[in-house]
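Trainee: Sequence:
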Amino acid sequence: MDILPPSDSEAALAQSARRVMPAGGFGNFAPEVILREGHGGRVWDVAGREYVDYLLGSGPMFLGHGHPEVLAAVQDQLPRGTTFFATNEHGIRLAEALVEALPCAEQVRFVSSGSEADMYALRVARAFRKRDRILKFEGGYHGMSDWGLMSLAPRQLANFPVAVPDSAGIPKSVRDEVLVAPFNDLETARSLIAEHHDELGAIILEPFQRLIPPAPGFLQGMRDLATEYGIPLIFDEVVTGFRFCYGGAQNYYGVTPDLCTLGKIVGGGFALAAIAGRADIMAHFDRGLVGDDGFLMQVGTLSGNPIAAVAGLATLEVLRRPGAYDGVFAMGRRMMDEMEGMLRRHGVPGLALGEPPLFDLVFTAEAPRDYRSMQRGDAAVQRHVNATLRAGGILKGESKYYLSTAHERRDEARTLEAFEAGLRSLPASRG
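Last residue of the sequence shown? That's 488 in this note's numbering, and every number before it is there in order.
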């Protein structure tokens, strides 16, 4: 479908949005896209345009929109209460399921967003270690805290390990508390940790950074370094938790951190996230065990609320079943292979990067292994293809396809058709 001018109702909504919200939106996605509803692997905007949805709410809708078992669980709970602040049975059951599923998890603390989970994971690691500085990897996303927004997407590159703030309003002092290394570069990380180990309270990384898989041996090497120096290793699994397999990327890649953070899928489309890990570190959430000086205060109005908890439990129940991931992996592999074949046929440099449930095409001749090599892709080609996909009824973020178990062969076919249309319509003068 062609991108049509906004309908009268869309224009009125957009005008209202610009009046009452900065930049006319939520800050998450293109504000001109105003969605009305979603079912399965598709969404519709307020003008009735239908899209194959690879945005999936930025990832939580792994079972698709309106999965019947998730809806049934939520509808059963709604008349019984939506939130209590006090502990509830369903939150306890979800914590039990996470401890059973995740190799690192001995205990769980719930929060409401991935940003909160990352912030508290860093804080509890620092409380345990009694050190202030953290090591993170350039290009890694760890939420919206001051520490998380360091060297996520630096516009000006700095020499490692200097951190670059990604936002206004971050105190200058935070820069000195964060060391930055290149992802997949074990030797640079080893050197920095050896030099600064007595200052480090935590090492945090995405085991699968944005779209970049870990190089062979990198995660285990980081595990070994963290163990050698007694520094808590945190896997940020807000994106990867339960996406590649039951038990998260730590199970998929076979490396166990000391702590992990979770979000997106574990809330079944509702606001729920978690910190999970070793009991001796998680003990700092318990004043009775660590005393006033070691206690980490954490409260949240909606943390572990029963609506999100039952949605999460229903989602995990579906994903626990044999073969639950087979279809999404098969579709992802087909799409990656077909798209790479189209690139070759049209003479466009590029490759599919990621894992089958979460990937994109990067328009560069060599597979990126870190943030800086990722920047070598042809951004103009990426923008053109993404715009053509949108016009063809495909909704995705700037740099990833989130696949769901609800996507069908017809969604795949429509996506491939729109992708090839994007390649076919590239300006002849590119490059």
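Don't take every hint at face value.
The calculated SDA-like cross-link candidates involving lysine to any residue, where the alpha carbons are at most 25 angstroms apart (straight line), are [as the list claims (entries may be wrong)]:
| id | residue 1 | residue 2 |
| --- | --- | --- |
| 1 | Lys453 | Ala478 |
| 2 | Lys457 | Leu376 |
| 3 | Lys453 | Pro379 |
| 4 | Lys457 | Asp189 |
| 5 | Lys187 | Ala210 |
So the derived label-pair ranges between C-beta atoms look like this [as the list claims (entries may be wrong)]:
| id | residue 1 | residue 2 | range |
| --- | --- | --- | --- |
| 6 | Pro379 | Gln72 | 47 to 57 angstroms |
| 7 | Glu285 | Val77 | 52 to 62 angstroms |
| 8 | Glu126 | Ser66 | 28 to 38 angstroms |
Source of the hints: derived by calculation from the structure; they are not laboratory data. Quick caveat: nothing in here was measured; it's all calculated off a predicted structure. Every residue, glycine too, gets a C-beta built ideally from N, C-alpha and C.
Trainee: Please name the hints from earlier in the document that this structure breaks, with their numbers sorted from lowest to highest.
Mentor: Hint check: 3, 4, 5 fail, others pass.
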